[in-house]
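**Student:** Okay, here's what each chain looks like letter by letter:
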Amino acid sequence: MSGFFVQHASEIGRLTLEHLWLTLSALLFACAIAVPLGILMTRYAAFAQPSLLIANTLQTIPSLALFGFLLPLPWLGDRAARIAIAALTAYAVLPILRNTYAGINSIDPALQEVASALGMTNLQRLRKVELPLASSFILAGIRTATVTCVGIATIAAAVGAGGLGEFIFRGVASVDNRLVLAGAVPAALLALGADFSLGLVERALRVPGRR
Amino acid sequence: MSITSKPVIEFRGASYRLPGSQLLLDRISLRFEPGTTTALLGRSGAGKTTLLRLVNQLLLTSDGELFIEGKEAHSWDRVALRRRIGYAIQETGLFPHFTIARNIALALELEGKSAAERRPRAMEMLKMVGLDAQFADRYPRELSGGQRQRVGVARALAASPSILLLDEPFGALDPLTRRELQEMTRALLRELNTTTLLVTHDLEEALYIADRVILLDAGRVVADTPSAEFRKSTQPEVREYVRAFRHAEDAA
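In order, the protein sequences belong to chains L and W.
Under the working numbering, the first sequence is numbered contiguously, ending at residue 211.
Under the working numbering, the second sequence is numbered contiguously, ending at residue 252.
Derived by calculation from the structure, the hints in this document are not laboratory data.
One should not assume that every hint holds.
Claimed, not checked - Derived pair list, reagent style DSBU-like, types lysine-lysine, alpha-carbon separation capped at 35 angstroms: (1) W/Lys113 / W/Lys6; (2) W/Lys127 / W/Lys6; (3) W/Lys71 / L/Lys128; (4) L/Lys128 / W/Lys127.
Stated by the list, open to error - Anything over 10 angstroms on all C-beta distances counts as not near chain W; from chain L, calculated: (5) Leu28; (6) Cys31; (7) Pro50; (8) Leu52; (9) Leu58; (10) Gly68; (11) Trp75; (12) Leu76; (13) Pro132.
All C-beta atoms in this analysis are idealised placements derived from N, C-alpha and C, irrespective of residue type, glycine included.
Build the full structure now, drawing on both the sequences and the hints.
**Tutor:** Next up, the structure:
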């Protein structure tokens, strides 16, 4: 078994990097969408429920189906990696969006009021008070999204986007458990590693005494 | 106080109505002269805090007029106006992720003052409210309630505001600490030329710190007297309030 891993080391390395690349790109897009949207939701309450509903609905689409839906789309469907990143982004949005919204909304209203009363502009309030106090919540959302994405990214191989799922699909097709494990074990380690390290960051960002 | 001196804050028939149409302040007309300290008394829901919030434009008058430093409140740039107004509330007002020094000098930071200007001012204010310099780099959670409240007062005064709004600043403190802070605040206000509005439930505190006491009830001014004359007032509303307070004292 270990001999098998050594033999395939370079391929495992390549696919792991590919896997990481898909996941990280998707997370980057998801943050770029979800954090500003979450902030907007705290400013315009009417905006909050519909946004959460859409993000929730996206989350319920089975991943294999979502990859399939995106396939015929122009531009997106041209490259497998684009489909994979778009689908992963869709899944990563909800946890980040929800946590950004909740993180800011749960700040003690008295602090929000004092921030305004001291003469903070909207932007100052966001930068100096809301984002720092909500940062550990937002990071917790990113952490959930990361673990989810690492897992779902294995399915990206179904549309030819590569990643560790390639081993798994090949292994399933050829009934070779070693191949399945060559994909599953590094994917699991990635998820655990991301969960652990982001957990550390989350703890570091937490503001003690925040209510 | 001459009658002709220009008021810093002037309400002219100002009302505040909640969106749901409940009237919280009903045609208030009041003048606050420079350098005076006025206590706002009244039962919960009488409109005391609402009145403060109209001054710093956290709420906007629904009717009537409100002038701040001679200028219609609505025509002030809200951020600019708030930076001229010190504001302190019960305990919760300090930012937990800022050090004490940063909390104190926040108004200066918002104005874009450099760290080199902010630090000495923060230290000066710490000293002014009777706190040791070693507190500067601590966080609010590391301080006692009384110490935090001192920091709250220091922060409200750091930018030398012309108006100071205190909303039950000592409400959550034990009687001894409360007394200390009242003494400190009284001395500070006498020294500074700030126009102060103090919301409190404590009659003793009102009479001790303020030169003038206003009693609100259901959104209206029912009494407005110099502190020294409040207890002597024959007005039924005032007598009722004083009696209720004495009752609590007697029971204790």
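**Student:** Please list, smallest to largest, the hint numbers that this structure does not respect.
**Tutor:** Those not satisfied come down to hint 13.
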